[in-house]
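Protein sequence lines correspond, in order, to chains A, B, C, D, E, F and G.
Under the working numbering, the residues of the first sequence are numbered 544 to 644, in order.
Under the working numbering, the residues of the second sequence are numbered 544 to 644, in order.
Under the working numbering, the residues of the third sequence are numbered 544 to 644, in order.
Under the working numbering, the residues of the fourth sequence are numbered 544 to 644, in order.
Under the working numbering, the residues of the fifth sequence are numbered 544 to 644, in order.
Under the working numbering, the residues of the sixth sequence are numbered 544 to 644, in order.
Under the working numbering, the residues of the seventh sequence are numbered 544 to 644, in order.
FYI, nobody ran anything at the bench for these hints, they're computed from the structure.
Positions of the beta carbon are idealized from the N, C-alpha and C atoms, including for glycine.
Please note that the accuracy of each hint is not assured.
Anything over 12 Å on all C-beta distances counts as not near chain C; from chain B, calculated [unchecked claim]:
id, residue
1, I551
2, K566
3, E600
4, E618
Distance windows between CB atoms, simulated [claimed, not checked]:
id, chain 1, residue 1, chain 2, residue 2, range
5, G, T569, F, E577, 48 to 56 Å
6, F, T569, E, G572, 29 to 37 Å
7, F, K567, G, G601, 55 to 63 Å
8, E, K629, C, Q602, 25 to 33 Å
9, G, E600, C, Q602, 18 to 26 Å
10, G, N585, A, E618, 22 to 30 Å
11, F, G572, G, T569, 44 to 52 Å
12, G, G620, F, K567, 38 to 46 Å
13, F, V603, D, L574, 50 to 58 Å
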Amino acid sequence: MSALSRRILPLLDRVLVEKIVPKKTTPAGVLLPESATAKALNEGKVVAVGPGSYTREGQVLPVSCKVGDTVLLPEFGGTQIKLDGKDFMIYRDDEILAKLE
Amino acid sequence: MSALSRRILPLLDRVLVEKIVPKKTTPAGVLLPESATAKALNEGKVVAVGPGSYTREGQVLPVSCKVGDTVLLPEFGGTQIKLDGKDFMIYRDDEILAKLE
Amino acid sequence: MSALSRRILPLLDRVLVEKIVPKKTTPAGVLLPESATAKALNEGKVVAVGPGSYTREGQVLPVSCKVGDTVLLPEFGGTQIKLDGKDFMIYRDDEILAKLE
Amino acid sequence: MSALSRRILPLLDRVLVEKIVPKKTTPAGVLLPESATAKALNEGKVVAVGPGSYTREGQVLPVSCKVGDTVLLPEFGGTQIKLDGKDFMIYRDDEILAKLE
Amino acid sequence: MSALSRRILPLLDRVLVEKIVPKKTTPAGVLLPESATAKALNEGKVVAVGPGSYTREGQVLPVSCKVGDTVLLPEFGGTQIKLDGKDFMIYRDDEILAKLE
Amino acid sequence: MSALSRRILPLLDRVLVEKIVPKKTTPAGVLLPESATAKALNEGKVVAVGPGSYTREGQVLPVSCKVGDTVLLPEFGGTQIKLDGKDFMIYRDDEILAKLE
Amino acid sequence: MSALSRRILPLLDRVLVEKIVPKKTTPAGVLLPESATAKALNEGKVVAVGPGSYTREGQVLPVSCKVGDTVLLPEFGGTQIKLDGKDFMIYRDDEILAKLE
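Whole structure, please, built from the sequences with the hints as guidance.
Dropping the structure here:
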């Protein structure tokens with residue numbers, strides 16, 4: 544992932560994710576049918592994570608995913624950010640559904 | 544259950560369930576009446592579980608069902624996922640009603 | 544209560560109740576007036592209970608009714624389940640109003 | 544209060560109250576004006592109480608009224624129950640406004 | 544304040560207040576303009592207080608006003624009660640704005 | 544600030560603030576344009592503060608501003624009070640945005 | 544940042560941010576297309592921070608950004624303040640998305 548013009552450091556339990564846009568064509572350049580891209584998973588790459596959130600007693604709860612993870616994103620929620628022409632989303636750690644391997 | 548093309552690792556207290564689609568025909572191939580399939584339980588097979596959720600003091604509360612369990616699913620809620628042509632749902636542990644034996 | 548084709552094991556603080564349907568006729572077979580059945584209590588028999596819910600510190604709080612209890616059910620809430628032609632409901636322990644003796 | 548055909552044992556912090564219906568006539572049988580009954584307090588007699596509710600740490604908090612108390616009821620809330628031709632209500636302890644002496 | 548026909552003992556953190564109705568005439572009997580009464584403070588006299596509310600750990604938190612205090616009442620909320628022709632209100636301790644001296 | 548006819552003692556974590564009405568004319572009496580007063584900060588002077596609110600364990604959390612502070616008020620919320628022809632507001636400590644020096 | 548006519552000291556966990564208005568022209572004075580400014584990040588400079596918020600046990604949780612930080616602001620929320628012709632916003636620490644480097 545090429546370096547960004549500026550570094551975004553999420554606060555508290557937030558996670559910065561670069562959306563993975565499903566490919567529209569096969570490696571050979573053949574256009575994929577609409578149905579194929581529609582069924583692609585809503586996923587993204589973790590670019591940066593916050594320090595974590597506080598418990599009621601002031602302890603820090605670490606975020607459950609780390610930079611480089613591929614994660615499964617929820618249908619709704621998150622804040623959209625455009626930087627250097629790329630699509631990023633900021634979620635709370637608790638909104639992210641799963642890791643993908 | 545044949546291996547999936549990708550592994551989905553639920554985060555926190557989430558549970559990945561593969562929906563059990565009620566059979567439409569008898570083993571001998573006779574079509575079952577609509578009423579039979581309508582009354583089938585809304586159930587699924589647990590495919591993967593998260594590490595659990597945090598209590599306020601930062602302790603981890605384990606998820607109450609485990610991989611391989613057959614579980615009774617709520618009417619609403621959960622996030623739908625399609626992978627390798629199969630229907631999966633992701634629920635919070637707290638949404639799942641019961642185990643079925 | 545005849546054995547069910549499958550065992551339903553409620554999770555967390557849930558309670559499985561078989562609804563008690565008010566009799567429509569007297570023991571001698573005489574049809575009871577509509578008003579009689581309308582005034583019958585909304586009650587059921589506890590068939591299975593979950594292990595209980597967690598306190599914030601991760602302790603388990605046991606469910607307050609046990610298998611075999613006859614209980615007074617709330618007007619709303621609960622999840623309906625049909626199994627072997629019988630009507631069951633799953634409630635949270637906290638939704639059940641009272642025991643009936 | 545004549546014994547009921549069945550005993551209702553409220554669960555958790557619930558309170559079973561028999562509604563006190565304001566008298567429509569004077570002891571001598573003279574019909575009271577509508578305005579008199581309209582101004583009567585919304586009160587009831589405590590018939591049974593639950594064991595109490597749990598604090599977050601699993602301690603039991605006793606209910607604040609006891610069997611035999613006359614209590615002032617809120618305008619809304621509670622669950623209505625008819626048994627042996629009498630009107631009962633089930634409230635949470637926290638809904639009941641005051642004791643009346 | 545003349546004794547009431549019945550004693551009202553608020554439960555938990557509730558406070559029983561007798562509303563102070565702004566005078567419509569001067570001591571000499573001259574009718575006050577509407578604007579004067581409209582600007583009167585919404586106040587009342589504390590007649591009885593409950594024992595207090597429970598903290599999560601089951602400790603009792605005392606109510607912050609006492610019998611005899613003149614208090615400033617919120618615009619909304621509270622439950623209205625008429626007894627012996629007088630207007631009373633029951634509030635939660637937390638709803639009462641201030642003491643007036 | 545001239546003494547009020549009556550003392551208002553806020554309860555719990557409430558703060559009594561006298562609104563600072565933006566001047567309409569310059570010291571020399573010249574009328575200020577509407578736009579000038581429109582841009583004035585929504586501020587007030589703290590006249591009295593409550594003892595503070597309780598934590599869950601019954602500890603008292605002191606209010607974060609003190610008598611004499613000039614404070615920045617939120618656009619909404621608070622309860623309006625008129626006394627001796629002056630405009631007062633009662634806020635919860637948590638609603639007040641900032642101190643102004 | 545030139546000194547303000549008055550100092551604003553945020554209370555509790557609030558953060559005072561001066562909005563960074565995206566430049567409309569290039570350094571040479573050429574007008575930038577609407578699309579360029581539309582894609583600018585919603586950011587601001589931290590001017591002052593509060594002492595922090597209280598945990599349930601009365602501990603102070605410090606604010607997670609400090610004076611001089613450039614921060615990424617949420618689309619909604621915050622309170623707008625105009626002072627000395629400049630645009631400021633007051634947010635809760637928890638509303639601010641990330642730091643920008």
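Problem set entry | Violations among the numbered hints, reported as their numbers in ascending order | 3, 4, 5, 6, 7, 8 and 12
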